[in-house]
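Please construct the entire structure, taking both the sequences and the accompanying hints into account.
2 protein chains.
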Amino acid sequence: MENLFISQFNDKHIGDDGAVIYHKKGKWVYSSDSFFEDVHFRADWLSLEQIASKAMLVNISDAVVMNARPKYALLNVAIPSSYDKTQLIDLANGFKKIAKKFAIQIIGGDTISNDKLHISITLISKSKNPTYRTGATTGDIVCYTGDIGSVKTDLDRLLNGQKIDKQSKFIAPQLRAKFFKKIAKYVRSAIDISDGLGFELERLSRIDDIGFKFTTDICQHNMCSGEEYEILFTINPKHKDKVQHIAHEQGVKLNFFAVVSGGKYRHECREHHF
Amino acid sequence: MENLFISQFNDKHIGDDGAVIYHKKGKWVYSSDSFFEDVHFRADWLSLEQIASKAMLVNISDAVVMNARPKYALLNVAIPSSYDKTQLIDLANGFKKIAKKFAIQIIGGDTISNDKLHISITLISKSKNPTYRTGATTGDIVCYTGDIGSVKTDLDRLLNGQKIDKQSKFIAPQLRAKFFKKIAKYVRSAIDISDGLGFELERLSRIDDIGFKFTTDICQHNMCSGEEYEILFTINPKHKDKVQHIAHEQGVKLNFFAVVSGGKYRHECREHHF
Numbered sequence: 001m002e003n004l005f006i007s008q009f010n011d012k013h014i015g016d017d018g019a020v021i022y023h024k025k026g027k028w029v030y031s032s033d034s035f036f037e038d039v040h041f042r043a044d045w046l047s048l049e050q051i052a053s054k055a056m057l058v059n060i061s062d063a064v065v066m067n068a069r070p071k072y073a074l075l076n077v078a079i080p081s082s083y084d085k086t087q088l089i090d091l092a093n094g095f096k097k098i099a100k101k102f103a104i105q106i107i108g109g110d111t112i113s114n115d116k117l118h119i120s121i122t123l124i125s126k127s128k129n130p131t132y133r134t135g136a137t138t139g140d141i142v143c144y145t146g147d148i149g150s151v152k153t154d155l156d157r158l159l160n161g162q163k164i165d166k167q168s169k170f171i172a173p174q175l176r177a178k179f180f181k182k183i184a185k186y187v188r189s190a191i192d193i194s195d196g197l198g199f200e201l202e203r204l205s206r207i208d209d210i211g212f213k214f215t216t217d218i219c220q221h222n223m224c225s226g227e228e229y230e231i232l233f234t235i236n237p238k239h240k241d242k243v244q245h246i247a248h249e250q251g252v253k254l255n256f257f258a259v260v261s262g263g264k265y266r267h268e269c270r271e272h273h274f
Numbered sequence: 001m002e003n004l005f006i007s008q009f010n011d012k013h014i015g016d017d018g019a020v021i022y023h024k025k026g027k028w029v030y031s032s033d034s035f036f037e038d039v040h041f042r043a044d045w046l047s048l049e050q051i052a053s054k055a056m057l058v059n060i061s062d063a064v065v066m067n068a069r070p071k072y073a074l075l076n077v078a079i080p081s082s083y084d085k086t087q088l089i090d091l092a093n094g095f096k097k098i099a100k101k102f103a104i105q106i107i108g109g110d111t112i113s114n115d116k117l118h119i120s121i122t123l124i125s126k127s128k129n130p131t132y133r134t135g136a137t138t139g140d141i142v143c144y145t146g147d148i149g150s151v152k153t154d155l156d157r158l159l160n161g162q163k164i165d166k167q168s169k170f171i172a173p174q175l176r177a178k179f180f181k182k183i184a185k186y187v188r189s190a191i192d193i194s195d196g197l198g199f200e201l202e203r204l205s206r207i208d209d210i211g212f213k214f215t216t217d218i219c220q221h222n223m224c225s226g227e228e229y230e231i232l233f234t235i236n237p238k239h240k241d242k243v244q245h246i247a248h249e250q251g252v253k254l255n256f257f258a259v260v261s262g263g264k265y266r267h268e269c270r271e272h273h274f
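These protein sequences, in sequence, are chains H and C.
Residue numbers for the first sequence follow this note's numbering, beginning at 1 and rising by one.
Residue numbers for the second sequence follow this note's numbering, beginning at 1 and rising by one.
Any given hint could be a false lead.
One copy or any two copies: either way a pair holds, since identical chains are not told apart in the list.
Below 27 angstroms or equal to it, Euclidean Cα-Cα: the simulated BS3-like pairs (lysine-lysine) are [stated by the list, open to error]:
id : residue 1 : residue 2
1  : 185       : 128
2  : 264       : 101
3  : 213       : 185
4  : 27        : 128
5  : 71        : 126
6  : 71        : 128
7  : 242       : 128
8  : 128       : 178
Because the hints were derived from the structure by calculation, they are not lab data.
It should be emphasised that the depicted structure is a prediction, and the values quoted were computed from it without experimental measurement.
Next comes the structure, spelled out in structure tokens:
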């Protein structure tokens, strides 16, 4: 459904995690993501500070994967009118904590009263050399960072009324900002894993009319685990050693699991939102 | 409630209709506004094209009143999953129609499924000389454009289950873009009337620690009519003739109704959202 809506707008900037605009000096990347109660989370799953922090992180993830440094944020926040002062401050603290950590200035936005907590954030980021989703080339090796699968496990726990650990990536996505910045010059195409590895591979497949020859089996559970916010990228194999060296330095686990080939790839996951 | 939340972020850019960022060449104005079903409108009041158009217009209003020209838009749209193809196209057409009219490029955003239609738009605008809310000075004459009051009348009609005219400003706000661009150099402070003239006067009063001496009586109904999207501005009285001349040329009605004075102003309206 969203695809039909998006296809009505045929602007060349649409299709990446952010839109790159060339100004006279430098390139600016604009990205925007929504984080809605009862779409992305339930109110009793996370504290308000965790919700605001995660809303920021999933937006910053878009900038990171485009090799852009977020500088400014606009927050559109629809707030339940039942919230008391402490809740409002907790919510604000979540935004501020992450903004401070990533040196982002919160410059404006809009707040309204609503029945549910709905957050949309726009980030304005700067990049000398943006990386894009498009660009994967036959023969490229395909890699994702970190471990995937735990977010689906934790989401299933939450849906069953169980608790999850505070360190869960469902609560606090681990962005690989420093690592990606260092490897960006070797990267041919990149996307963050927001809907699940399978979904993102299908996106790359459709954009560049490519397929993937798997060198490692990835189980369905991991393939369909959304909101991992790990990075999926492809590189020319000649850069593999350099990229692995940087990953080692930065303490980031890499999983080379496929090679870009002809053909096409279609995922076998269900839509992951509850 | 929103004020308490906003007060947690003490960035110098917050407080205007948009945030002005000085780049090496030129100034960019970033503004963001939400337009939510059951907060700003009910689904049976407007067609989907009208809803999308109005969401764009109320955002463009922020840029207009800062003397900025919108260039790019990011759309965050939460769409009810019940919508069929025709509805999605109608919705998209509303965004596209206004984008075309104002030469705005829709460069990205985010779409999600939701129970209600929730739209947040971020505009990226350019300005050589932005106008701000702050700056009103004792002795300035205070003016608003157009006629106010009809939007409250129409909103009351809708709340009573009656129909309103397609030309209603509740459906299609009338922006005064060309007029305001021409008078901007004479303007000392400006704000668009989104919450009602009374609310906006109180905002100016609080920002610059000023009051208003009324030269014309404005009835409570008009004072408290929200979503007018007319422009409230102050000028040095010596520019009055020039501004009136431009208004006459552009076919814009002006209402000079007060003079900036000492003291303070507090509105006597109820919150206007239903």
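Here is how each hint holds up against the structure:
Taking the closest pair of Cα atoms, residue 185 and residue 128 come within 27 angstroms of each other only inside a single copy of the chain (11 angstroms); across copies the shortest separation is 35 angstroms, beyond that limit. With identical chains, the CA atoms of residue 264 and residue 101 are never at most 27 angstroms apart, being 40 angstroms at best within one copy and 40 angstroms at best between copies. Taking the shortest alpha-carbon separations for residue 213 and residue 185, only the intra-copy value of 24 angstroms comes in at or below 27 angstroms, while the best inter-copy value is 62 angstroms. When the C-alpha separation of residue 27 and residue 128 is checked against a cutoff of 27 angstroms, the pair qualifies both within a copy, at 6 angstroms, and between copies, at 20 angstroms.
Taking the closest pair of Cα atoms, residue 71 and residue 126 come within 27 angstroms of each other both inside a single copy (7 angstroms) and across two copies (18 angstroms). In this assembly of identical chains, residue 71 and residue 128 lie within 27 angstroms of each other by CA distance both inside one copy and across copies; the values are 14 angstroms within and 22 angstroms between. Taking CA atoms no more than 27 angstroms apart as the test, residue 242 paired with residue 128 passes inside one copy only; the shortest distance there is 21 angstroms, against 46 angstroms between copies. In this homomeric assembly, residue 128 and residue 178 come within 27 angstroms of each other (Cα to Cα) only inside a single copy, at 15 angstroms, whereas the closest approach across copies is 36 angstroms.
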